[in-house]
Structure formats: C-alpha cells, structure tokens
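There are 2 protein chains.
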Amino acid sequence: MLIWRDLKSVMSEFQVLKFGGTSVKTIARIQHVAEIIKGISSGKKVLAVVSAMGDTTDFLVKLAKQASEVPDRRELDMLLSTGEQISIALLCMVLKDMGVAAKSLTANQVGIFTETVHTRARILDINSKRLFQGFESSDVLVVAGFQGVTVDGDITTLGRGGSDTTAVALAAAINAAECDIYTDVDGIFTSDPNKIPGARLLPRVSYGEVLEMARLGAQVLHPRAVELARQYNVKLRVRNTFKPEHQGTTIDAGGDMEIFRSISGVAVDEDQCSVAIMDVPDQPGIAGKVAQALADQNIAVDMIMQSFHPTAGSNSITFTVHDADLDQTIKILAKLKSELNARDVLADPDCAKVSLIGAGLCGQPWIPALLFSTLGKNKINIKMISSSEMKITCVVSRKQAQEAARLVHDAFELKDSAKPAS
Amino acid sequence: MLIWRDLKSVMSEFQVLKFGGTSVKTIARIQHVAEIIKGISSGKKVLAVVSAMGDTTDFLVKLAKQASEVPDRRELDMLLSTGEQISIALLCMVLKDMGVAAKSLTANQVGIFTETVHTRARILDINSKRLFQGFESSDVLVVAGFQGVTVDGDITTLGRGGSDTTAVALAAAINAAECDIYTDVDGIFTSDPNKIPGARLLPRVSYGEVLEMARLGAQVLHPRAVELARQYNVKLRVRNTFKPEHQGTTIDAGGDMEIFRSISGVAVDEDQCSVAIMDVPDQPGIAGKVAQALADQNIAVDMIMQSFHPTAGSNSITFTVHDADLDQTIKILAKLKSELNARDVLADPDCAKVSLIGAGLCGQPWIPALLFSTLGKNKINIKMISSSEMKITCVVSRKQAQEAARLVHDAFELKDSAKPAS
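Protein chains in written order, with the numbering used here: chain A, 1 to 422; chain B, 423 to 844.
Only chain A is shown next, with the shape it has when bound in the complex (with noise of 0.2 Å):
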C-alpha cells in the first residue's frame, strides 16, 4: 500500500497548491507565492488555486451592505467572485515576468460546475478535459478559488471554505499527486501554538483526526474539503507560505503503524452556548421538531443529549450552539414550547468546548478518565460531555476553557519533548 502510494505520487505529473488570503495580501507576498510555484513547476506542472488579497472580500461584502441591507444572492455571488479574480490576474503577471508560462483561469473557464444555490454553493463537477488541454500550453494554471459556475451560466459561490474546496476538488479532478494548502501556520499542531505552550506539529494525521479538529475551533483547513479529500483520497499537506522549507502537516487516510497514536490533539472553541428543552412529555417526534425548526433557519447544532426522566415521563433536551445564533434559537424555541408541552427553555451563553482528539477513545478507558479528572482535580467544572470514538468534548466556562486545555494537553503528555515548534 505505501509503496503503491508512492510510486503513484512519482508517475502523477501534477501538483495543487493552494494559497489562502493572506498569502497574497500585497503584491510583495504575490511575488513571493510566484517564487515557490516556479521552484515546483521546474519539475511538475502545477495547479495554483488562490483567494482574494487580504481583506478584499470583507471590503466587497461591506460595499454589498451598503447597496442593500440583504444582497441579492446571485448579485453577491457577481460581486464577490471579482476579489479571486484580481489575484490570479496579478499572480499570473509576476509568473509570466519570471519566464513562467502560466495562464490564469475563472472558475467559469475551467467549468467548475455548481449547484444552482448562491453564496453556498456545492461543486457537482470540473471540466478536467478543459484543465488538461490548458496544460498543453501552460506549465502553471492558476485558478481562481472560492467561485462556480452553474450549467446556466451564472457565477456561484462555495461559502466558507471555499478555496481550500476548489484546490481539493481540482486535485481529485487531474489525479494529481498532492494538494498543498499553504496557509501562515506551520501545519496541524497538538492545540492552538498561540495558547497552549509546547504545542507540537504533528507532521501526519488522518482526515478523521483534522476533521474533528476543524469541527472543534482549530480551524487551519475547513472541514468541507478535508471531507472531500477524504472521499476522493487526496493527500492534503498544510504548510506555511513564509516558510516553504518546512514541511508542514500531511493529511491522508493515516493507519500506518508508525504514525498511530491515541491522542493526536487538544482543541478548544470558546464561542459556544447551551440551550435546554426543560420536562416535555415524552412522546415520538420531539427532537425531530427541535431539529427540524432549527434547520428550517439554518442554525447548526451540536452535542445534541436527550435524557428521559423516567419517574416524571418527560424528556429533556440539551444541545449547544454558536453564539451568533443564540438569539435566533432561543426564539424559535419559545414558540415550539407550547406546541411542545415543555415546562421551560434554558440557555447558557457561558459555555466553550474543550476536547480530546485522537483514535479509538472510547476502546481505552484510561483516557476519559484521566480527562475528567484532570479537570476536576483543577476545579474545573464539566457542565456537559459527549464523546465519539475519535473525540470526547467537555463543555466548561469560557473563562476556564484555556486553562483547561492547557492541563489537558500537559495531562497526556503532548508537549514538544524536543524545542518547541516554531
């Protein structure tokens, strides 16, 4: 299986690369991106898919906001695709002026296919043929990230997450070897650098492992394109743009021996609230109800506990949500309530979720119980856990949630035992 792995990354003649907002901020950094594509492109023929510069798409949204307080979907989609537009154009220019033959190309040249739905839009399919026969001319095609195009013509766009999605949906598309996200970090660590001393890089995960990860707040890569890296077997590799000689996190679908580890990380999202269905009677169809008028206006839920009261038929409900959408969700249920027969609502707005992320969890009872005591010796308190066989989340105060993580992260002994990464 290795050995099929690599000779096949050594017979695919194309490599993805993807460079994020900020590493084309300025026309500086444009040059310094054009620097590693023409290294790898003496070798391979090279795809690069880039977002907007810097903060081009928060300004377009804010001139959107100021032509109308809800912007037409489709006319946002128009607006927005214009900021991946300028920055393969710049791209190219420097490209081109350093002897590279480098060609730039919308999502509506390539034909990145999309659903017709706007500002959200999934990827239904890519036009390879087109790719490939750019490739007869050019050694590096740069194309735009984030944008679509719907079979009518229209411009789309991918929502959050997007760029990273077009680089892995492109990378599936011409088989090629590896997709590279080049992003300011190093690569996937132990639990956030910045917080957490002695955070560790860890040089090989699995999609499974980044995806809870991502899901969790450490959000160097978005869970929909390591989804669909997982689903079309593209290897992922996270570096950094500013140091392109180091070499980053590698995703794949793991399982080797030497890289198996039962904790790969410990992330924290602190912008969570919990909200409870208090005693309604227990009847079919509940949280079916709950989750179906939360859906109806797009609020994401999580950790979702039922628990039944035996003595008094009655379920409660407990799940957690974004902070953004606290407001919403709160009023949503106080119309379900009656409809529900349920004694109260409760929400929690003091919430942030700590979790454990790694490997058969649950198979290794050693590790719940070394996490919820190292809380409790602490005096943390645990207001709510959930666990999967690749994470166990702890829901605590926000304001205990980095020192939670922090003795977490000591506790199963994560940190760099050589120098801390850099």
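Treat the hints with caution; some may be incorrect.
[Claimed, not checked] Rough simulated footprint, nothing fancy, chain A against chain B, three-plus residues with beta-carbon under 8 Å:
id: 1; region: 477-489
id: 2; region: 521-534
id: 3; region: 787-793
Just so you know, the hints here were simulated from the structure itself, not pulled from any lab data. Given the structure is predicted, the values throughout are model-derived calculations rather than measurements. Ideal Cβ placement from N, Cα and C applies to all residues, glycine included.
Put chain B on the given structure of chain A with help from the hints.
Chain B only, in chain A's frame:
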C-alpha cells in the same frame, strides 16, 4: 423619413442606457442611477451598460504596475474586467431592493465576442438571443461595459471608450429605440462650457460633427462608439445623470433642414506638439517611411503636412503628436534622420489645436476668412493650419488656446442668446 423613425421608436420595446464611472462612483450615486432606470423600466425593457466605479480602473492599473512593469495583456484584461463586474452586481442589488426585476450579466454571459486582442479588442459579434432570453424573466438587464470574450472564452477589454462602444453595440444588436449615454455633463456644447463663457448646448448634432469634436478633445463620447452608432444607425443621446429631467443632446444622421447649421462648435486640444523633419531630398516613399516608423511604436500622428521647396529640391514633413509621445517620436526620427538624409529634426512642444467644426466649411470662404482674421486681429499667431469638409484647425501657442477659442466662439456668434446653459 422622420415619420418612419418615430414609428420605429414607438415600436421598439428596448432602451439602452449607459452610465459612466462618475455616475456610479459611490453607492449613493448607484442608488440615483437605479432610480433613473426604474423610471424608464416601467414602460420599456431596459438594457443598462455600466462602467467601473469612479477610479476603480485606475486603481487596478496601479496594482498591475506594482506587479509588473509591463503587465501581460491577457492578465491585465482578467484584472481590469473585475471593475465593471463590481458595478453591475451592486447596481442590481439596489434595483432588486426597489422591486425591479433586474439581472447582471458579464460580457461572457451575454456573449459579447471580440477579437483575440487584449486591452483593445474590437467587438465581432453579440449573442442577441441570450439578451432576449434574459428579458423573458427580467425587465432590466445590467451589462458590464468595456469587456468582451473571445471564442476561446478568454476575457478581453475594449480599450478607451469601451463602455460607450459596448452600449452602442448592444443597442444595435437588440434594435433598441435609443441609446442614452448618461454622463456628468449636460450634453454636447458649441465649446467647453467650463472655459468658454456662453457656450451653448446643442440639442441635436450629426454623427459626423460629434466625431470631429471628439477627435479634437471634446471627449464626451469616444469616437469609436460614435462611428459604430453611425454604421448601425443607432440614435444616441448624451444626458446628464445628475439632471435626468434635461433632454441633453441627440446624435443621429442629421440632415433635417431645421437643424442644419454651418458651425456647430469650437474645440480645443491643448496637449499637442509639432515635429518637423527638415529638408529631406525629394524621393518617393519618405512620408511612408516616417509614418511606418511611428506606427511601429503605436504613435498616432495628426495634421500631417508635406511641403516641397522646388529651389532646394527637398521636402519638409511636419505633423503633430500628443505630448506623451513627443520624446519617443524625437528618438525615432533621430534614427531616421541619417537614413533619409534629412538636414534636421525640429520639435515645438508648445502647441494647441483650436478647431472650428461644422458642415461644408470649405465651401463657404467667409468661414476660414473670419477664423484666421479673428485670430490675427487679436495677435494670436497661427503656427499650422489644416482643414477638411467638417473642420478647420489652427495650431497656436498653448497659453493662447483658450483665448483663441473664446474669440472664435464669439466671432461665429455661437453664444447662447438666452440665458447660459446651466
């Protein structure tokens, strides 16, 4: 003829409106433009062509110059075309908020096909079918000016005057009743109203007159757009975006008795230089060599004059060039000098053209006589003269140009007899 034209206006359900960069410079101005469009769209299907907001194009060009001294032209088009895309999206957001069924379209989406020549492509064909399809579900289509697309799907731009040209070409494609060019002036005047007191608004002029004016510096409309309008007999109207109640100036084939006048205006172009190659031995092909050498460097020459000195058996060739091209012109001629055996190359950087524009000027000897004597009486030295059916141009010193224009404007009684046009 008049009856038929009016009938056609009534019958055509389409109207094309073009708004320049100053008209969409801010969100507030875009809202104002949307109001104008809304008003017109209650009776007709409206196709609005818009330029980039204010100084967006200049900003993008600056960005390109930072990226590359001589930016690749294909990539420059990729970059510059984003300016108009931003405008169309914002304008449609505002229109939709006003309840107008509007939709933005890029040149690619419309199918405005051009040559594969970047930064100054000419329009080859327009897919009017897509426009008519668009009007099935929308009352207003907002199309990005200045841009086009090649048959291979590459983005092009049309160069100077591009958005005017887009508007006229679209008007021809859908057989619109009228193409209104909204700008920041009231219309076309007998001379520059900011400089010549009493300059009068012309309610109607012919394509030919406006072409002569435009070439001479009175650039309300780009000559290219006017030529296209003449070719396809598209009736133009120049109007002030900020005074939409004013009727502006109508431009058409003219020829009706009631609007015929000898003199339609005085134009000034101050940034001119004259260059002379002195005493070239008389031999065939000299003017051709000079013109070719300048054309190779894309330098436009004007007012070419060749005079023969029979006694010396030699020619001198004199012409005017724009200020910006003077240095390079002198360099080119210095190289040619020995090849042509010329005695000397002389340049006069202090030139301005003052031109009288009208119809059949040379058939009426009193016109050149009054023109030259007016300047002579007022001690304004005429350096060069050239004339055609529709204009007589005098080159004078730059510091006397405005005075000369004012004197000529007065002498030919072009002043508004009523109150000055505001």
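Here is what the structure says about each hint:
1. 477-489: The restraint on the region 477-489 of chain B holds, since 5 of its residues have a Cβ under 8 Å from chain A and three suffice.
2. 521-534: holds (count 5)
3. 787-793: violated (count 0)
Hint 3 alone, counting from the list given before, is not met by this structure.
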